[in-house]
Amino acid sequence: MARAELMDFDTALELFEPVLGFEVHVELSTKTKMFSDAPNPAFSANEVTDANTAITPVCLGLPGSLPVVNEQAVRYSISLGLALGCQIAPMSRFARKNYFYPDLAKNYQISQYDEPIAFEGTLEVELEDGTLVQVPIERAHMEEDAGKLTHVGGSTGRIQGAESSLVDYNRAGVPLVEIVTKPIVGAEHRAPELARAYVSTIRDIVRALGISEARMERGNLRCDANVSLRPRGEQKLGIRTETKNVNSLRSVERAVRYEIQRQAAILAKGGTITQETRHWHEDTGTTSPGRPKSDADDYRYFPEPDLLPVVPSPALIDELRDALPEPPAARRRRLKEEWGFTDLEFRDVVNSGLLVEVADTVAAGASPQQARKWWTGEIARIANAQDAEPGSLISASDVAAVVELVESGALTDRLARQVVEGVIAGEGTPAEVVAARGLQVVSDDGALIAAVDAALAEQPDVLEKIRDGKVQAAGAVIGAVMKAMGGKADAARVRELVLERAQA
Amino acid sequence: MSAAANSADLTRATAADLAARLAAGEVSSVEVTQAHLDRIAAVDGDVHAFLHVNAAALETAAQVDADRAAGVALPELAGMPIAIKDVLCTLDMPSTSGSKILEGWVPPYDATVVARLRAARMIPLGKTNMDEFAMGSSTEHSAYGPTRNPWDLERIPGGSGGGSAAAVSAFEAPVALGSDTGGSIRQPAAVTGSVGVKPTYGAVSRYGAIALASSLDQVGPVSRSVLDAALVHDVIGGHDARDATSIPDAWPSMAEAARRGAQGDVLKGLRVGVVRELRGESGGFQAGVKQRFEETLDLLAGAGAEIVEVSAPNFEYAVAAYYLILPAEASSNLAKFDSVRFGLRVEVPGGTVEDVMAATREAGFGPEVKRRIILGTYALSAGYYDAYYGSAQKVRTLIQRDFAAAFEKADILVSPSAPTTAFRFGEKLADPLAMYLNDVTTIPANLAGVPGMGLPMGLAPEDSLPTGLQLMAPAREDARLYEAGAAIEALLETHWGGPLWAQVPALSGSASNGGAR
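If you're matching them up, the sequences are chains A and B in order. Heads up: the first sequence is residues 0 to 503, going by numbering that gives the first Met the number 0. Heads up: the second sequence is residues 0 to 516, going by numbering that gives the first Met the number 0.
Among the hints, a few may not be true.
Stated by the list, open to error - No more than 30 angstroms apart at the CA atoms, straight line, and that leaves these computed lysine-lysine pairs for DSS-like:
1. A:181 with A:235
2. B:408 with B:289
3. A:96 with B:408
4. B:369 with A:96
5. B:267 with B:99
6. A:147 with B:99
7. A:147 with A:96
8. B:393 with A:96
If you are wondering where the hints come from, they were derived from the structure by calculation, not from laboratory data. Computed from a predicted structure; not experimentally measured.
Use the sequences and the hints to build the structure in full.
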């Protein structure tokens, strides 16, 4: 639907009540895959690059191969379930979800069906203005990822119309936890914002747990957003669509808003919504139909006979519960206080999705104000220009190193911005960029004194004024010195020297 | 002694005997291997037990001989040839599971049991024929033509592991590996007069065994004596981290148990439970099979065993439950044969990937495989799951309870291994249900996961063909089977005046001994 045909958002909300639901897939960063000892590409230290190199007979579903459950993935899943406020099943089971698709090596996916490892939870999500929303969680279950198809030929890059397809099974068997919410009602006009905040909260949780790299742009965290509308006063839920391929927090928000406006336009004209999956297109900001989906899809689930039930001991569950990090909302309250930020400063960090980055930078030794300034300023600006997540551009420890160089006087703010730029450009660590670009502040007084004397000699009138006690006149000389030094001087020291040499 | 007689001597020896002679340096692995390769060359044109003969067998044997000559300490079965059912993945030989869809496929890995054979320095002789994907009781469903029963070439050798059983009973291999999902080791053993063991579920790794029904499949040994089966079991058994259903416990030596059974008087006071429902009182059991079974019970009683009758009322539903669980699991296990990564690919010009998958499966699977995939797909469908798969799983639980109750009254359970002797080719092909019922005695052990052994019980008077005795023990009590089995074998061989296999008719081959009949 072209954007012009959409119903205005506020009008849509007057006529209809939006109901949301989310399926979020989290790739766990275990060293090996869910059911095999192949290296897990979702653990970046494994450095998997070439297609079909991180595979074993199990990943390829070769005849005779058998799955074995990754114990670390089970521990991670339990931790995540606990962090979502879920109950942990004393016994859960894997099941086979049977369907034919070329990226699915066995033509069945090992997943969990009616006996998931975690169920019945609540996640507290904080909106931009601090409003807390309780999102009901239905379940979180373990499963394996499928391979990746690349369609060759055809204009759309999709399977329809392609001449042939290539399959990369590196991703096949990557451990996933799928988190499924119950229908979320009552978000009203804040539904798009809630969608973003929900996914953002899950991202914060899995990062804090250290169980996923949670890079949406890499597919470590994937969100399918279910949206349905019901006319005001109606109890029955409307027909829903499931929007896939939403790969950033911003997209989640936009996609939900778009679907509300699209569905409202159809319903208002007396049309009906088709139950289907839809694909989000980042470039146009629209969704398009995928395959029809009905509740009658028959995956012929049955218990996976190659695996035993998962029976975590109560002691293990207690151990993982005790090791849980603070819930995000509580953590935010604590950090705001510790950092001494104003409401505005703190909201700026949270709304930019940079809480983890700032916290990590503070943990790496930077002052909270400096950490905030760099992330929400220069780095966010570059990220915006590159359409990337700030956290994917530079590490917290590198930012802390830059702050340290500024505070020690080795860099000016201007030089530091160049260093940050160099680190983001992949030129190395801050120290390497400083060395390679020759950006260190000139702290050799000899060189500075020579430049000061030269500048004073060129501006005798200013020299006169300084000698007459008009100290503010020194600015012109300081500027000339800084220019002569190519900016690589500490302005405060230059000022001291100008005043000193003027009296000499 | 002529060369031919010497060769026959080596092919008719038991593995235990050969192992002793190999260890003593009386005979080399090359000689033993060559004798079996000669025998295969001579008779396998008639028998067709092998789908593939290992071209590197002699070379591997020579390495064992060289190591032995160099004084390297070697395992007990080092240098012993062994035939391997084609359901097992082998790095150096095609592994087809009897199907066209895997024709020529050489896996990039060894099944765990095959890796263990190699580690024990045994000599893989080749891959043996089987019903396609182990679906059948006759090898008539092999995509590569049936195997013939060495006792009567017009008759089936049993199935699905007819190739391994025929190889052993035709003296083409001293021992072999099979797999047993509902009787595929024990029923062929019965109709070829050999010994076959389905271990406790989880006792032997399934990694690299091309799956039929994951919750029922179990790999096990095929041989001409109980001790030989035990020796092979000790090589292949034990925990495997690559099979999540593998039992982690340590196991006692099966060979020691067999030796104990053969020498001592373990039958005295042994409570032998006769399963009333498998005694042959209902239809379908051949008179000669029932007769040999009752005679065996008399012999056991004479040897001091306490014969008790036990009832397992739910065994009546075993075949029905089995033919829901097996097709359900098989329909899913066989989904991977889609032409994308391995095996047959039937190109469809201008077709979609689904068209290619469908055409490949249409051309690559035989009718019995298609029948079971359709049955299983139906049984798992939404709306039918509870009535079919769900109910079958409940029956399984009831059968496990029947076993538990029976084992309170008896140390081992006995029944005929199969209701009939070997039937003629084509006799049951048109009637799948009749074929399925040939596994009525063996299926309960698979459903309950308990171990079962088939051993020769004499020839049926009416057709002079082998009958089999089945022993069953509680789960994890495989050693009890070998101990009792070896004792019963010794008792019967004393009664017959020698092993039953001495009466296998000669086959037209240079290595045949012109013996009985």
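Against the structure, the hints come out as follows:
A threshold of 30 angstroms between alpha carbons decides the hint, and for residue 181 of chain A with residue 235 of chain A the separation of about 15 angstroms falls inside it, so the pair holds. Note on residue 408 of chain B and residue 289 of chain B: the hinted pairing holds, with a Cα-Cα distance of about 23 angstroms set against a maximum of 30 angstroms. At roughly 42 angstroms between alpha-carbon atoms, residue 96 of chain A and residue 408 of chain B are farther apart than 30 angstroms, so this suggested pair is violated. With a CA separation close to 20 angstroms, the supplied pair residue 369 of chain B and residue 96 of chain A stays within the 30 angstroms bound.
This hinted pair does not check out: residue 267 of chain B and residue 99 of chain B have alpha carbons roughly 51 angstroms apart, beyond 30 angstroms. Proximity of residue 147 of chain A to residue 99 of chain B is assessed by CA-CA distance (about 29 angstroms); at most 30 angstroms being required, the pair is judged to hold. Restraint check: the Cα-Cα separation between residue 147 of chain A and residue 96 of chain A comes to about 18 angstroms, which is no more than 30 angstroms; the hinted pair holds. For the suggested pair residue 393 of chain B and residue 96 of chain A, the alpha carbons sit about 22 angstroms apart, so the restraint of at most 30 angstroms is met.
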